[in-house]
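S.K.: Sequence:
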Amino acid sequence: MTQHSEPGHVRLDDQLCFALYAATNAVTRVYRPLLADLGLTYPQYLVMLALWQDGEGTVGEIAARLQLDSHAVSPLVGRLVAAGLVDRVRGSDRRQVVVSLTEQGRDLEQEAVAVQTEVACASDLDAEERARMREELLALADRLSVPGLLAVK
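Residue numbering for the sequence shown follows my numbering, beginning at -1 and increasing consecutively.
Keep in mind that a hint or two might mislead.
Stated by the list, open to error - What follows is a set of in silico ranges between Cβ atoms, one per label pair, in the way DEER data are often shown: (1) 18 with 115: 16 to 26 Å; (2) 10 with 94: 42 to 52 Å; (3) 127 with 19: 35 to 45 Å; (4) 133 with 12: 19 to 29 Å; (5) 92 with 22: 34 to 44 Å.
Bear in mind the hints are in silico, worked out from the structure with no lab data behind them.
Quick reminder that beta carbons are idealized off the backbone N, C-alpha and C, glycines included.
Could you build all of it, start to finish, from the sequences and the hints given here?
M.R.: This is how it looks when you write it as structure tokens:
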């Protein structure tokens, strides 16, 4: 491929969005087989992480925690219910569904710790580097999540 470095040309290699995309794909590729051994997909794993940390939550709370739409979380929860990892019950407000871990779901957390360890080793980053990168990425997400940031003027 021809490389253009003159002003006015957009280069793939210069794009932050591409670096994030490539890193996300690489991380997901490392997680995929490890999570498959636990019977989880990566999105299901994120739901489980939220529940392991928070104990329980409504579908809306879990969705907000994962920065997803409730409609994206509901099918994930459904598959986790079918796998016996979580329970769903109607809350006192009948419109809300509360999701909580089953004993099997709680027990799975110990196996997830091993997954985290393997991914950390595969990244070849020390704990300080991982923490710094995580903080920088979360700060970027916060900056880009400002309401009205992309409002039409």
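S.K.: Each of the hints needs a verdict: does it hold here or not?
M.R.: Verification of the supplied hints:
{"no.": "1", "hint": "18 with 115: 16 to 26 Å", "result": "holds, 24 Å"}
{"no.": "2", "hint": "10 with 94: 42 to 52 Å", "result": "holds, 44 Å"}
{"no.": "3", "hint": "127 with 19: 35 to 45 Å", "result": "violated, 21 Å"}
{"no.": "4", "hint": "133 with 12: 19 to 29 Å", "result": "holds, 24 Å"}
{"no.": "5", "hint": "92 with 22: 34 to 44 Å", "result": "holds, 38 Å"}
In this structure, only the earlier hint numbered 3 is contradicted, and the remaining ones agree with it.
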